[in-house]
Amino acid sequence: MEPVRKFPDPSAVRDEMLQKYPPKVAKKRAKSIVLNDPEEIPQVQANTRTIPGIITQRGCSYAGCKGVVLGPTRDIVNLVHGPIGCSFYAWLTRRNQTRPDGPEGANYMTYCFSTDMQEEHIVFGGEKKLKQAIQEAYDLFHPKAIGIFSTCPVGLIGDDVHAVAREMRETLGDCNIFGFSCEGYKGVSQSAGHHIANNQVFKHVVGLDDTDKGGKFKINMLGEYNIGGDAFEIERLLEKCGITLVASFSGNSTIGQFENSHTADLNVIMCHRSINYMAEMMETKYGIPWMKVNFIGAEASAKSLRRIARYFEDDELMARVEEVIAEEMPVVRSVVEDVYPRTKGKLAMLFVGGSRAHHYQELFGELGMETLSAGYEFGHRDDYEGRRVIPSIKIDADTKNIEELKVTADPERYRPRKSEEDLARLKEEGLDIREYEGMMPDMKKGTLVIDDISHYESEKLIELYKPDIFCAGIKEKYVVQKMGVPLKQLHSYDYGGPYAGFTGAVNFYKDIDRMVNSRVWKLIQAPWEEDGAALELEASYVTQ
Amino acid sequence: MEREALTINPAKTCQPIGAMYAALGIHGCLPHSHGSQGCCSYHRSTLTRHYKEPVMAATSSFTEGASVFGGQANLVTAIDNIFTVYEPDIIAVHSTCLSETIGDDLQQIATKAKDDGKVPEGKYVIYAPTPSFVGSHVTGYGNMVQAMAEQFAVSTGETLDQVNIAAGWMEPSDMREIKRIAKEMEVTVRMFPDTSDVLDAPQTGKHVFYPKGGITIPELKSTGDSKFTVALGCFSGEPGGVALEKKCKVPFQTEDLPIGLRATDRCLMTLSKAAGVKIPQSITDERGRLLDVMTDMEQYFSGKKVALFGDPDHLIPLTEFLIDLNMKPVHIVSGTPGKRFEQRMKAILEDTVPEANVKNGPQADMFLLHQWIKNEPVDLLIGNTYGKYIARDEDIPFVRFGFPIVDRIGHSYFPSVGYMGGLRLVEKILGVLMDRQDRDAPEESFELVM
Chain A
201 MEPVRKFPDP
211 SAVRDEMLQK
221 YPPKVAKKRA
231 KSIVLNDPEE
241 IPQVQANTRT
251 IPGIITQRGC
261 SYAGCKGVVL
271 GPTRDIVNLV
281 HGPIGCSFYA
291 WLTRRNQTRP
301 DGPEGANYMT
311 YCFSTDMQEE
321 HIVFGGEKKL
331 KQAIQEAYDL
341 FHPKAIGIFS
351 TCPVGLIGDD
361 VHAVAREMRE
371 TLGDCNIFGF
381 SCEGYKGVSQ
391 SAGHHIANNQ
401 VFKHVVGLDD
411 TDKGGKFKIN
421 MLGEYNIGGD
431 AFEIERLLEK
441 CGITLVASFS
451 GNSTIGQFEN
461 SHTADLNVIM
471 CHRSINYMAE
481 MMETKYGIPW
491 MKVNFIGAEA
501 SAKSLRRIAR
511 YFEDDELMAR
521 VEEVIAEEMP
531 VVRSVVEDVY
541 PRTKGKLAML
551 FVGGSRAHHY
561 QELFGELGME
571 TLSAGYEFGH
581 RDDYEGRRVI
591 PSIKIDADTK
601 NIEELKVTAD
611 PERYRPRKSE
621 EDLARLKEEG
631 LDIREYEGMM
641 PDMKKGTLVI
651 DDISHYESEK
661 LIELYKPDIF
671 CAGIKEKYVV
681 QKMGVPLKQL
691 HSYDYGGPYA
701 GFTGAVNFYK
711 DIDRMVNSRV
721 WKLIQAPWEE
731 DGAALELEAS
741 YVTQ
Chain B
17 MEREALTINP
27 AKTCQPIGAM
37 YAALGIHGCL
47 PHSHGSQGCC
57 SYHRSTLTRH
67 YKEPVMAATS
77 SFTEGASVFG
87 GQANLVTAID
97 NIFTVYEPDI
107 IAVHSTCLSE
117 TIGDDLQQIA
127 TKAKDDGKVP
137 EGKYVIYAPT
147 PSFVGSHVTG
157 YGNMVQAMAE
167 QFAVSTGETL
177 DQVNIAAGWM
187 EPSDMREIKR
197 IAKEMEVTVR
207 MFPDTSDVLD
217 APQTGKHVFY
227 PKGGITIPEL
237 KSTGDSKFTV
247 ALGCFSGEPG
257 GVALEKKCKV
267 PFQTEDLPIG
277 LRATDRCLMT
287 LSKAAGVKIP
297 QSITDERGRL
307 LDVMTDMEQY
317 FSGKKVALFG
327 DPDHLIPLTE
337 FLIDLNMKPV
347 HIVSGTPGKR
357 FEQRMKAILE
367 DTVPEANVKN
377 GPQADMFLLH
387 QWIKNEPVDL
397 LIGNTYGKYI
407 ARDEDIPFVR
417 FGFPIVDRIG
427 HSYFPSVGYM
437 GGLRLVEKIL
447 GVLMDRQDRD
457 APEESFELVM
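Respectively, the protein sequence lines represent chains A and B.
Counting from 1 along the first sequence, just add 200 to a position and that's the residue number in my numbering.
Counting from 1 along the second sequence, just add 16 to a position and that's the residue number in my numbering.
Take these hints with a grain of salt, some might be off.
[Stated by the list, open to error] Subject to a maximum C-alpha distance of 27 Å in a straight line, what follows is the list of computed BS3-like cross-link-like pairs (lysine-lysine):
{"no.": "1", "chain 1": "B", "residue 1": "K130", "chain 2": "A", "residue 2": "K224"}
{"no.": "2", "chain 1": "B", "residue 1": "K222", "chain 2": "A", "residue 2": "K660"}
{"no.": "3", "chain 1": "A", "residue 1": "K710", "chain 2": "B", "residue 2": "K68"}
{"no.": "4", "chain 1": "B", "residue 1": "K243", "chain 2": "B", "residue 2": "K289"}
{"no.": "5", "chain 1": "B", "residue 1": "K130", "chain 2": "A", "residue 2": "K220"}
{"no.": "6", "chain 1": "B", "residue 1": "K139", "chain 2": "A", "residue 2": "K660"}
{"no.": "7", "chain 1": "A", "residue 1": "K224", "chain 2": "B", "residue 2": "K128"}
{"no.": "8", "chain 1": "A", "residue 1": "K328", "chain 2": "A", "residue 2": "K413"}
{"no.": "9", "chain 1": "A", "residue 1": "K231", "chain 2": "A", "residue 2": "K645"}
{"no.": "10", "chain 1": "A", "residue 1": "K344", "chain 2": "A", "residue 2": "K328"}
{"no.": "11", "chain 1": "A", "residue 1": "K228", "chain 2": "B", "residue 2": "K130"}
{"no.": "12", "chain 1": "B", "residue 1": "K390", "chain 2": "B", "residue 2": "K444"}
{"no.": "13", "chain 1": "A", "residue 1": "K722", "chain 2": "A", "residue 2": "K544"}
{"no.": "14", "chain 1": "B", "residue 1": "K68", "chain 2": "A", "residue 2": "K546"}
{"no.": "15", "chain 1": "A", "residue 1": "K206", "chain 2": "A", "residue 2": "K722"}
{"no.": "16", "chain 1": "B", "residue 1": "K375", "chain 2": "B", "residue 2": "K355"}
[Stated by the list, open to error] Partial selection, computed: residues in chain B whose CB lies under 7 Å from chain A:
{"no.": "17", "residue": "S52"}
{"no.": "18", "residue": "T62"}
{"no.": "19", "residue": "A74"}
{"no.": "20", "residue": "E80"}
{"no.": "21", "residue": "N97"}
{"no.": "22", "residue": "L114"}
{"no.": "23", "residue": "Q124"}
{"no.": "24", "residue": "T127"}
{"no.": "25", "residue": "P136"}
{"no.": "26", "residue": "G138"}
{"no.": "27", "residue": "P218"}
Because the hints were derived from the structure by calculation, they are not lab data.
We put the beta carbon where it would ideally sit given N, CA and C, even for glycine.
With the sequences and hints as input, model every part of the structure.
Structure follows, in structure tokens:
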């Protein structure tokens, strides 16, 4: 039997992480590194500025807007207004998969569009070039929609992308054109860009098509970006259960789905961080309630399907969901049974995203693995502590600069899908509508929760805990692996997946088993470097 | 359709990533991006995908406030924090479109950091302006190479028996190969930057934050006393040669990157003259082996049409090499602007393929290249990973070459420069052409021996 592993005292680890920092840095970082207590959740500092020079995982507002939220929609021409780099780096790098409708169906996701601003445009303004670029994109592709994404210099030189969008929308007539003021310096991370994306899609797209496309149980899937085909697996499950997916924000989506999304009767949210704004605005304007779900993990997937069925309060649907779960689970169980003895007791750490560091703890739990430390790259306090803390979150200048849309009920189309009494009753029955409890209630007492972890802190954690697997992104991947610890990328899935739903869970179990038990990690030391390596030949031969 | 404003599928990216890559070729250096967090994150991600190695760099993490009031406070804080926490010998700062647009003066901020006591004794902050709205990633690389020479080289009056190599944008494997050749020639070279042993570091179970490679500060300083500089690549290496001549009166000559037979010939002859040494028989033998394969396999190359895209310093010698293989480079694009590209390409192509389509600068992108290929199909495509979409659409054999290559390994370990690098290129080209012949051959003409 393997001996029980002893881990260092988390508060000593915390102290050691902070020790090397200059006093001001230590003071600030101390608030973002907390010891969890699921019973009495402590406050975590989150969504605040990264300290210059402290190596961070975070990206920018543009990345959150163009890359994350709008990137996965296949039939919008995403035109980046700025110097070439921003569009280049966001070109196909997030692995959002999409299935065009037939060979003629529009798919611009493999393209990279940019106004490629030059010095003269920085000096004299780039609006003229932007207009012409829109015209050229229109003439070449005749897209249904063009989104314009502002990069840092655009806001600084005062190009008005919204005015250009309006003008060109009128000029062209049959192309919806809208702009995003998602300059990289807005906010403190990708998170600002998510909010900006939500606002503009809500303002310019949602509600344009009132056609009722039919279906008895109609939902939108929010915050699922179809990385590695996750949305395909969820679509498969929903279809099998008889649930109609009106729109997905935004994995495997089209602009037509967004336009029609207000006809759904429920919004379910995967990534709370990036899309909760959309859910709230749709509820206020159209009366569609929202509910947090999680399709990462087999048990969590089953639970999420049951919750959707509970919401619709339909016996037939509830029965169908049970049938589907019963069909899907045997394969899952057989793989867990095989893998579990090899993964049980192993240690995982997750530092990624705004929801994945929470969701993936489910899968590790199913493998009998422990999560001793986790945190988000761009989460807010509600993603850690639960939405109940929202009223107490201090709104700082960086957040204030991000527009908060004033939304009211649509005079004609507001239709509450459930009465307040129904919602209250469902809630009493355990169906938490409009709620997200956050990551911390699901983590053990004494685990370390670290927001916007720095490179230095990651290295310390690995050095002190020696985890069996570390989950983060591409920038961390090879640093951690150089330390002899396998790293699972939870943005790109290391080019594998899907990991959602039941099929995804099976994929994940197998991948993690492979990674934590790979022979290659045991070969790092050269035989002549081993302690007591014999330096003289032991063999002898005799000539006769 | 002629486009004037819209770039689609660019054959370039922006300056800062080049500066970040170059800075990693100084030992003990932490690159620093003076801009929004996204810039640094994107550059690190792209370089990491290309090298599958740690790429450490820091950022000034601009917010809206810093963008309005200037980034000085952010950069001074960053310098202080970096020296305290990550302890580099040098911080190499480059700017971004954001900090350039608001007019931050890196030199002034670096001086202020020093005056404020934020730069410990014996440590350095160097800086290169890299506005993203000028040139390309190649320009940014060149600007950082220039900054290294300008800000480190010292002329003591003594002339050392060593030759500088102002290295253009190459892989760590290429830099290692050039050092090997120089050693074979018994020439002491000071190569800057030098990313070998940085971006091809061994797996040891330990993360070494500053890997053992990279030119050291004393070596960089001594470049001012070298007897000559061979600058490799007129876009990415030459700025280093020019800076050394200006500052320390070290004479220089620019050569193409030694890609292919004749570019390697020229590079080695210049190096031998500069160092006053003969090219040894062992190198002549390497040349002979490359030439041997070129003569033996001539039939498979001859007349094959090629489309290529990438960076000028790569494309110029590569095109020449393809012509020496009797191939026909018919479509060539580079997003990097610059008249010297046109001039050199014209000179290289005019005798053999005068009708070739060549374009660089704005709108010289992969969308244009794809249109050209549709109009006149080719037998081979050479370029970075993004070429795989064209290769798949048009069913063209594809050789990955350039930056970035994010879907294959090998570029950082096996050189493409020198005669041995030429052999590797020839092997790769032959491999895809012959695989294609095998795939398409009817059963009766499926060849065993080729």
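Just to be careful, I want the Cα atoms of A/K206 and A/K722 compared with a cutoff of 27 Å; is the pair within it? Measuring from Cα to Cα gives roughly 21 Å; hence the hint holds.
Interface hint status, B/P136 versus chain A (Cβ within 7 Å): violated (13 Å)
So if I understand the rule, the pair passes when the alpha-carbon distance is 27 Å or less; does B/K139 with A/K660 pass? holds (25 Å)
Would the hint on B/Q124 be counted as holding, given a Cβ-Cβ threshold of 7 Å to chain A? Where the cut-off is 7 Å and the nearest Cβ of chain A is about 17 Å from B/Q124, the hint is violated.
Just to be careful: measuring from the Cβ of B/P218 to every Cβ in chain A, is the smallest value less than 7 Å? At about 9 Å, which exceeds the 7 Å cut-off, the nearest Cβ of chain A leaves the hint on B/P218 violated.
Does B/K390 pair with B/K444 here, judged by a C-alpha cut-off of 27 Å? holds (24 Å)
Need the status of pair A/K710, B/K68: alpha-carbon distance at most 27 Å? holds (23 Å)
Can B/A74 be said to touch chain A, with a Cβ gap under 7 Å? holds (5 Å)
Interface restraint verdict for B/S52 against chain A (beta-carbon cut-off 7 Å): Since chain A brings a Cβ to about 3 Å from B/S52, closer than 7 Å, the hint holds.
Regarding the hint that B/L114 lies at the interface with chain A, is the smallest CB-CB distance below 7 Å? holds (4 Å)
Is A/K224 within 27 Å of B/K128, Cα to Cα? holds (20 Å)
Does the CB of B/G138 sit less than 7 Å away from some CB of chain A? violated (19 Å)
Going down the numbered hints, you'll see the structure goes against 8, 23, 24, 25, 26, 27, while the others check out.
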